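Visitor: Make a model of the complete structure from these sequences and hints.
Number of protein chains: 4
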Amino acid sequence: MHVAKGETHWVIPDGYIPEKSSGELTSHESICVLNTSSGEARLSLHIFFEDREPMENIAYTVPARRTIHIRTATLRKDGMPIPVGVPYAIELESSIPVIVQYSRLDATQAANALMSVMAYPIK
Amino acid sequence: MHVAKGETHWVIPDGYIPEKSSGELTSHESICVLNTSSGEARLSLHIFFEDREPMENIAYTVPARRTIHIRTATLRKDGMPIPVGVPYAIELESSIPVIVQYSRLDATQAANALMSVMAYPIK
Amino acid sequence: MHVAKGETHWVIPDGYIPEKSSGELTSHESICVLNTSSGEARLSLHIFFEDREPMENIAYTVPARRTIHIRTATLRKDGMPIPVGVPYAIELESSIPVIVQYSRLDATQAANALMSVMAYPIK
Amino acid sequence: MHVAKGETHWVIPDGYIPEKSSGELTSHESICVLNTSSGEARLSLHIFFEDREPMENIAYTVPARRTIHIRTATLRKDGMPIPVGVPYAIELESSIPVIVQYSRLDATQAANALMSVMAYPIK
Numbered sequence: 016m017h018v019a020k021g022e023t024h025w026v027i028p029d030g031y032i033p034e035k036s037s038g039e040l041t042s043h044e045s046i047c048v049l050n051t052s053s054g055e056a057r058l059s060l061h062i063f064f065e066d067r068e069p070m071e072n073i074a075y076t077v078p079a080r081r082t083i084h085i086r087t088a089t090l091r092k093d094g095m096p097i098p099v100g101v102p103y104a105i106e107l108e109s110s111i112p113v114i115v116q117y118s119r120l121d122a123t124q125a126a127n128a129l130m131s132v133m134a135y136p137i138k
Numbered sequence: 016m017h018v019a020k021g022e023t024h025w026v027i028p029d030g031y032i033p034e035k036s037s038g039e040l041t042s043h044e045s046i047c048v049l050n051t052s053s054g055e056a057r058l059s060l061h062i063f064f065e066d067r068e069p070m071e072n073i074a075y076t077v078p079a080r081r082t083i084h085i086r087t088a089t090l091r092k093d094g095m096p097i098p099v100g101v102p103y104a105i106e107l108e109s110s111i112p113v114i115v116q117y118s119r120l121d122a123t124q125a126a127n128a129l130m131s132v133m134a135y136p137i138k
Numbered sequence: 016m017h018v019a020k021g022e023t024h025w026v027i028p029d030g031y032i033p034e035k036s037s038g039e040l041t042s043h044e045s046i047c048v049l050n051t052s053s054g055e056a057r058l059s060l061h062i063f064f065e066d067r068e069p070m071e072n073i074a075y076t077v078p079a080r081r082t083i084h085i086r087t088a089t090l091r092k093d094g095m096p097i098p099v100g101v102p103y104a105i106e107l108e109s110s111i112p113v114i115v116q117y118s119r120l121d122a123t124q125a126a127n128a129l130m131s132v133m134a135y136p137i138k
Numbered sequence: 016m017h018v019a020k021g022e023t024h025w026v027i028p029d030g031y032i033p034e035k036s037s038g039e040l041t042s043h044e045s046i047c048v049l050n051t052s053s054g055e056a057r058l059s060l061h062i063f064f065e066d067r068e069p070m071e072n073i074a075y076t077v078p079a080r081r082t083i084h085i086r087t088a089t090l091r092k093d094g095m096p097i098p099v100g101v102p103y104a105i106e107l108e109s110s111i112p113v114i115v116q117y118s119r120l121d122a123t124q125a126a127n128a129l130m131s132v133m134a135y136p137i138k
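Protein chains in written order, with this note's numbering: chain A, 16 to 138; chain B, 16 to 138; chain C, 16 to 138; chain D, 16 to 138.
If you're looking for bench data, these hints aren't it; they were derived computationally from the structure.
If several chains are the same, the list does not tell them apart, and a pair holds so long as it fits within one copy or across any two.
In silico DSBU-like links for lysine-lysine, alpha-carbon gap of 30 angstroms or less: (1) LYS138 <-> LYS20; (2) LYS138 <-> LYS92; (3) LYS20 <-> LYS92.
From a predicted model like this one, the values you see are computed outputs, not experimental measurements.
Guide: Spelled out as structure tokens, the structure:
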């Protein structure tokens, strides 16, 4: 049996899906989650905005002993995606401890730009 | 009632507003704050420099259950902005716990560059 | 005698070896480890994927009072490298406390992009 | 009287001074330190390498209520700078608590690339 490692609650204040792409790669964000345990992790994501109510309880599952790299553009709440070109923030809760990192590739220009942070753990 | 999460005191040592922009995007920095609680967060920002006195107590409010992405170029103390092209540091105090991330887009060149860090929590 | 500093267990959820390079530099990732102590640190790396079993127990040594910057493309498990163009995650265990940072240079475009995070310490 | 905030001991495992620059900006690294206190902070930096002895006890001072952004290329030990194009790691000790961030601008290509991390605090 492998144990769960990390924390059950994480926050990423700077979310942003670029509106456009050019060049070879596509602009995107990834929420990267590692589940080291022998059981699956059930995630619940909450999306906060500057000027409207949050989108709450978007569900996701990470299988045992796997990582998932979630493209934020694929997330849906009642069929609606996160709007592009709008600043937002991400809160992630997990049924068991996991580790979470956030990365963004901005390909607005043909020359791409990258950023990455470890999410902030709420203990 | 939603509770406040995070910390009330954060620091970002590497602040810098690029002097110029070219290409499609504009150089800028964002201080991204998430307030998960049902009450508003009252922020106080202090700006430190290499060679002059700090600009202290710049006020900002984050509404309940909202994120704000503050452009540093919009901050004012007695009507004065943070000077461009000068290294500085940011201290942020909040009336309730929040989570803070800092990101910079440098568009000095047409091909933009991105960096991001979680602010450092003072506990 | 210099003491060991840091932690013995670290995680990097966002690993990715870009498939191609162009321009002057080569796309690569580095796992940067500092061993401040007077004794050597014996590392064991585990690589997790989205859709297959982990590659476990890849061994590495950091000499006393040295840093190493490990190119992930050089890691081998039973002679097999980490596949390129595939999202993965890294878990690192050390016999003594060390400090770990992860950086990626993406040179898919002639204009390169950089990202870096401190690995997440499991305490 | 303003109190000192942060930690007295920080580590940055991924140091690297790019060998060349092109375009408008110059490749460089900055060690950004904030001293929030009413007294000065006396820093001692140690530089570690992959294949040679460390450069120890490089001194630096941060005045009261100031930030400094140290260009690593300006550091000297017995008149010798940190070699360019060589992976290294940084350990920083301070006489009083400070907060430390590390950023790198790589201008090897005309299109620059940026990365930044908060240094890792040893507690």
